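Colleague: Here are the chains, one letter per residue:
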Amino acid sequence: MFAARPEARPATVEVLVAGKPVRVPEGASAAAAVLLAGLPAIRTTPVSGAPRLPYCMMGVCFDCLAEIDGVANRQACMVTVAPGMRIAPQQGARAARPESA
Amino acid sequence: MTRHDAIVIGGGLVGAAIAYGLTRLGLKPVLLDEGDVAHRASRGNFGLVWVQSKGLGAPHYQRWTRASAGEWPALAGELGARTGLDVGLRQPGGLHVCLSDEEMEARAAYMAQLAREAGNLGLEYRMLSHAETAELVPGIGKRVVGASWSPYDGHASPLYLLRGLHAGFVEAGGTYRPNAGVSEAKVAPNDFTVTAGGERFSAPCVVLAAGLGNAGLAPMFGLSAPVGPQRGQILVTERTRQLLDLPTTTVRQTEEGSVMIGDSKEDAGFDTLTQTPAIMRQMAERAVLTFPWLAELNIVRAWSALRVMSADGLPIYDQSEQFPGAFTANCHSGVTLAGAHALLFAPMVAAGALAPELAPFTARRFEHVRSAA
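From first to last, the protein sequence lines stand for chains A and B. Residues 0 to 100 in numbering that gives the first Met the number 0 are what the first sequence spells out, letter by letter. Residues 0 to 372 in numbering that gives the first Met the number 0 are what the second sequence spells out, letter by letter.
Just chain B, same shape as in the assembly:
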C-alpha cells in the first residue's frame, strides 16, 4: 500500500485540474485514471471557455463560471511555464448567433435576465445587429439577424489542456496511475484506502472526479452524484488559414486552422460509437447559414461524446458529511471550469472545506426536488 496526501479518482479534465491544483499547494496526490474503457468526455470536448450561456436562474453558477474564465489566463500561463505546452487559450470575447427574429428576441431576454441575476457582479454584453456582427466575424450569411456578444468568452484546446495538466501534475511530483479503475474502497472519516489496478492507495482525502463513473462511486463514500449521459456531436473541417477570430457557441476555428462545428444535444444512452446523419446535417446547415463559406470546406472528422449531466444541468460539488475528506466534483464543462477547478476548488479540498459559494451546488438540492414532488 502506498500513502499519499490525496487520491483523485478520474484522469480527465476535472480530475487532472484538481490533482494539478493540489500539487501547486505542495501536496503529493495520486491520480487514478480508469483507462481506455472510460467514456473520456474530455477527449470529445468542443473547447469553449464559455460564460455567456451559463447559469440562467442560477447566479451561483454564473459567478463560478465567470470566476473560472478569470482564472484561466493564470492557469494557461503556469502550465506553459512549467511544461512548455501551449494550451491554445484565447479569450477575445464570443458570439451567440441568432438566425431569426424569434431567436434574437429570446436571446435578448435571456441575456437581460442573466444580467439582472448577475447583481453587483455585473455582466457586460451587447446585442449586436447583423451589420455589427459582420464587423466582428467574416462572411456571415443573410439569415443572421444578429448576435449576443460578451467579452468574457473564449476557447482553448481540450487535448493540449489535458496533456498540460497531466504533465504539470507529474512534473510537480504527483503520482499518475493509468488503467486504475477503482475496484474497492475502505472508507472512514479522513481515512481512505482505495484499490485500483491491483494496487492499494491510502490518503486522508479523496476527490471523486470520474465523470459519469461518479454516479456509481459516490455512494461508496457517503456521497451522491446523480449524473447521466447527454450526447453531443462534433464535425471538424480540414485546416484552413486563420479567419475566424471570435468563437461562437457552435462554431470555432482552432489555432491549427480546423473549424469545429458542435453543440448538439441528445439522449442516446452510453452510445458514442455512432453519429446520426440527421443531427450532423442540422449542425452543418446551421453552421452554413451562419457562415456560408463553410460550405466549401471538407469535413474530415466527426465524433460524439457524452456530457456529464445532472438533472438541472449544473455542476455538483460536495464534501461527504458521513466521511469528511471525501469530495465530489461533477460537471459537463471540463474546459470552461478548469481554471476554477485547479486554482479555486483544489485549495478548498486542501483546506478540508468547500467555500460557502459552492454550497448551492450540493447534490442535496435534488432530494428537495424529490420530496417536493
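Bound-form chain A, shown alone:
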C-alpha cells in the first residue's frame, strides 16, 4: 500500500531515539526519526498519562512533544535532525528547574 516516494533520499544522518541509533535522511524531522525507531510512544500526556506518538506532522497537534538535546516539550515534527541529536521520550508534563536558576 505504501511506497517510497521516487525522490527518497538516503538515510545519512544518525540520531539517537530513546538511546537507540536511527538513520534518517538529511532534512527529516525528529518526529520522522521517532516513527522510524518504532517506539510505542514518545510521550505520555500530563493529565491522564495517555501514550502519544507523532500525529499531524505539521506543528498543530503537539502529540510529538519530546525531550530533544535535553530540552523538554519540543515539537519533534518542527525540529530538523542533526547528527548525534538525542531525542528522548517525555513522561507527563515537563519539570521546571528552579534549582538551575
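By construction, these hints were calculated from the structure, which means they are not laboratory data. Being a predicted model, the structure only gives us computed values, none of them experimental. Everything hinted at is true.
Partial list, computed: chain A residues near chain B (C-beta under 8 Å):
hint	residue
1	Arg93
2	Ala95
3	Arg96
4	Ser99
The C-beta atom is built at its ideal place from N, Cα and C for all residues, glycine as well.
Since the structure of chain A is provided, determine the placement of chain B on it from the hints.
Modeller: Leaving out everything else, chain B in the frame of chain A:
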C-alpha cells in the same frame, strides 16, 4: 411572555453567581446571557481569590472581599456536590513579591494601613525577607527583596467556576437563555418586563450584572453604573509539573500545571484583539526576575480582556429608588467576589433590600465627587 421570580441580566461570573445564589433559596430566575459578542471579562480572568491588595482606604471593600474569601470554600464544595465539577479552589495564602527596597517599604506601609483600617476585623499578614520568601516558593531570583504574605489569599479556575455556576443554576431549576441581549425593558416598581433574544420575560425583581453593558442598561431601571474598560493582559506557559504552591499577585500555577503571568493594567478602550509586545515583555521580565526558572518555559497562549472598572476601582451595588426590585452589581473581581455574590448578595436580592454594609458601594458616591469638584 414567561414569568420568573427574578431576571438576571448577564451570564458572566457576577450574573451566574447571583443567579445561582437565587436558585439556592428556592427561587426560579431566568439568566439572560448576551452571547459571544459580549466582552466576557469572565473568560479572561486571572483566577485569583485575592484579599491582601483589596480595599486600601475603603474598609467596607476589605470586609466584603474577606467575607467572600470566607464563603468560597462553601461555594466550591456545594458546586462540587451539585454538579460534580471541581472549580480548583485552593486557598493556601498568597504572596505579593517586591523587587526593590522601595517596593518593599511601600508594600509594608500599604499592609500596615490596611491592617489599621481592618479595625476589629483584624488582618493577619507578615512582611517576609528574601530567605523567608524562599522557604515558601521555589527558586526565587536574587532581585527578590521580600514579599507580603497573608493567609486569606488563594486561587481557582475561572472557567470551571463559570461552568460550575451555570450547571448548578440549571440543575436547580433556573432558566438559561443564550444570545439574549436585552433590547427593551418595561419598568415599574417590582414589576419588570424585559425583551431579550426575541422573547419577553417578566419578574418582580431584576439584577443587572452585565459587566461593561451595565453602563447602558442601568439608566433604563433608574440606576447608574458608571463603569468603563481597563485592559489586562495574560501570558500562559506550557504545562509543567506542580511546583508553585502559593499564588502571587502576578504569577500562579494552575491545577493543570500551566503558569499564568498577569496583572497588567492599561487604558485601551474596548480593544481586546491585540496584545502589546511592550507590556507582555514587562510582565515576562518581572515574572522572570521573581522566578528565574520561568525563563526556560515556553509561552503557549496570551490574551487580553477588559476589567469592569469604576472611577475609584471599587464595586458598585445598588437598588433602584425609583424602581424597587431593580438591583445592579458591578465589579472587576468576579472570581474573588463569587463567594459573596452567590451566598451573601443573592439573599439580599431575594429579601428585597441590600444590607447596610453594602451602602457605601452605591453609585451615588460618584455624584458627591462631582458636586464637590
